[in-house]
Amino acid sequence: MKVTLDTNHGTITLLLDSEKAPKTVENFKTYVENGHYDGTIFHRVIDGFMIQGGGFTPDMKQKGTLAPIENEADNGLKNTLGSIAMARTNDPHSATAQFFINVADNGFLNHTSPSPQGWGYAVFGEVIDGMDVVNSIKSVSTGNNGVHQDVPKESVVINKASII
Amino acid sequence: MKAVLISDLHLEENRPDITQAFEKFCEHHLEGITHFFILGDLFEVWIGDDYETDFIKHIKNVLKKISAQIDECYFQHGNRDFLMGKQFAQETGFQLLDDQYTFSLNGQNYLLMHGDSLCTLDTEYMQARMLLRSEGFKENVLGRSIEDRLLLAQQLRNTSKDANSDKSMEIMDVTPEEVVKLMEATKTDIFIHGHTHRPQVHTLHLSHNANAKRFVMSDWEKDVQYVTLNNKGTELLTFSKP
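Keeping their order, the protein sequence lines are chains C and U. First residue of the first sequence? That's 1 in the numbering used here, and the numbers climb one at a time after it. First residue of the second sequence? That's 165 in the numbering used here, and the numbers climb one at a time after it.
The following block holds chain U by itself, in its conformation from the complex (with noise of 0.2 Å):
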């Protein structure tokens, strides 16, 4: 297994610089690799797969080529895109993981994660959280017409501005228990995920494991944190512009 990880693109419209950069990554760091991970957040919005416009038609376009070439491609929910489905997949030949995907190579158990699940201090976006990603309410999103859609977007975007903006930089980070929780829950080695947009490498002391590894990616704001996974190991990468 030769993997690459990212997350946290954030893609739209109105920022081609991050869709040509991550253009630029996917031509010089997928060479030769098996799998390819998105771990959520690959749009800075999602409102249903029945929306296209020319912007997503050139990424699902970008999507499509990169799936040609790697055998496995998948991606998992961020808390922008939790709306992409079925169909999206289908339509880019990467599939979507559970929001908690756990596997093993060489003796390691791999975690990999978007990672907002587990921001437990900020109850009020873990209510929220409740509530946007039942079945329900999906449902009901899904039914309205784009333009309501696109509305509601826009609403929720400014709400999650407004309450962030208060907030401490520890609620809005992972909480360091909930970590070691699910880890020795699920009995895992190295856990990956993005969503904070505080890339790093943390070093956990478990149960199971006094030398786990908590790898965090980068946003694509500015320098670039990818992890890669082989069996030589696990690492945190940085692709950067000059």
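One chain only, chain C, in its complex shape (with noise of 0.2 Å):
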């Protein structure tokens, strides 16, 4: 399955393995057909680590989410340049709707473990095409907005997410 984000730096098209993460697949699937991720941004920024979105408003209001799904983190994908995979809380089954996508090889992020600490974070896909559009958003200016930390001072919007 491929589905692109339209954002106000251009379009990011991703590969999703519904064979790997069937559960982490079908979740985000959902969001998308339901059109929650249009108008959210990508609120953290780091640039050398990863971009992370889904889950805010550009007034930084959380919108609500669905239940949370079982973490597919050891499904064998790894948390490489280029991949998407679901944030969650430091419990290891708690993502929802936040996603990030890895701007650097991120090991310390993979699964070595069943245990809370070595769950690690579920790799569902890649970006097949706009890496340039990712490039340009992970090097935005980044500063302090409330209790967040490395928030894009200029909202990075995703206009619309949908299935191709």
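Quick caveat, the hints were computed from the structure, so don't treat them as lab data. Fair warning: this is a prediction, and the values are worked out from it, not measured in the lab. The C-beta atom is built at its ideal place from N, Cα and C for all residues, glycine as well. There is no bait here: all hints are sound.
Reference excerpt, derived from the structure (chain U facing chain C, CB under 10 Å, subset only):
{"no.": "1", "residue": "Gln184"}
{"no.": "2", "residue": "Ala185"}
{"no.": "3", "residue": "Glu187"}
{"no.": "4", "residue": "Leu401"}
{"no.": "5", "residue": "Ser404"}
Two chains, each in its own frame: build the complex with the hints.
So this is what it looks like as structure tokens:
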């Protein structure tokens, strides 16, 4: 399955791996189809690490989500440059809508053991087109916004997410 | 001065995720700084500078790279790695600070510590600490074989785990009265420490400063809370995973 994220920096095309991450892809697809991501932002951008989005509106209000999903980080997919994975809280099985795109190889986010420390972050696809857009996003200037750090000073907005 | 302070990484071989998080942190949060401080418990265990594994070699290389870029790099002993010594400092380009280190910046007096010496309600630990940190004990331990020391470290960790499972949260925190006493005695305005793994910024009313601050940094088990310190002030910031 392919998904495009039409952002104010350009379009990112993602290839999702429904074989290795069936539950995560199904979950992501649901949020794409119900329009959840439209109008959300990349609210946490750290060059050399990752860009995280899909949870906040430009005024930094967190959007409501569906129930959290099971963490499929043990599927063998790695947090390498250009991969997309689910963001979560400290609870391994707490991912809902927020995702991130790795802008570096982040081996320390990979699954190492079925423990709270070792679960890692579930990769479920990769960027197949628009890495220049990702690179443009990772380079924006960021600052603090309330309790949030690394927030782009000018909003990076996902205008529309679509299945193609 | 532009400083970053961290503590309580508890680096160990079987937690590569923490080592990698530390490397990632250093790649992105140390740019342009002049001072870097590690306030204790960099390692989960340290049995002497003469003991080296591939893991320890790797960490030394990471630290060496940092000290090549940053003018002044310092570490303090924690309760886990108090046997770190001059050789380690030399090899990494870091300098070992006194357990209680003070300095001034922009009219504010700062105090840096690991923090374990202020957990005075934990009398059992305070007694053990007195023994463990004595020169006689250090000499004795460092004179033993590596095998003996590894075994001893394991025993100490197990004893500590057993003992701590019965202790209240209050006992294992720093004693508020001791903090006040120390900050007033040293006339310090901002106190930064780790050890308790209870990240927070506390405000204190001291005789010389009614708005003194105590910054407590976190361990690296989950989200990391670290301190930045520069001409604009002192802040407790978070480095978290996605």
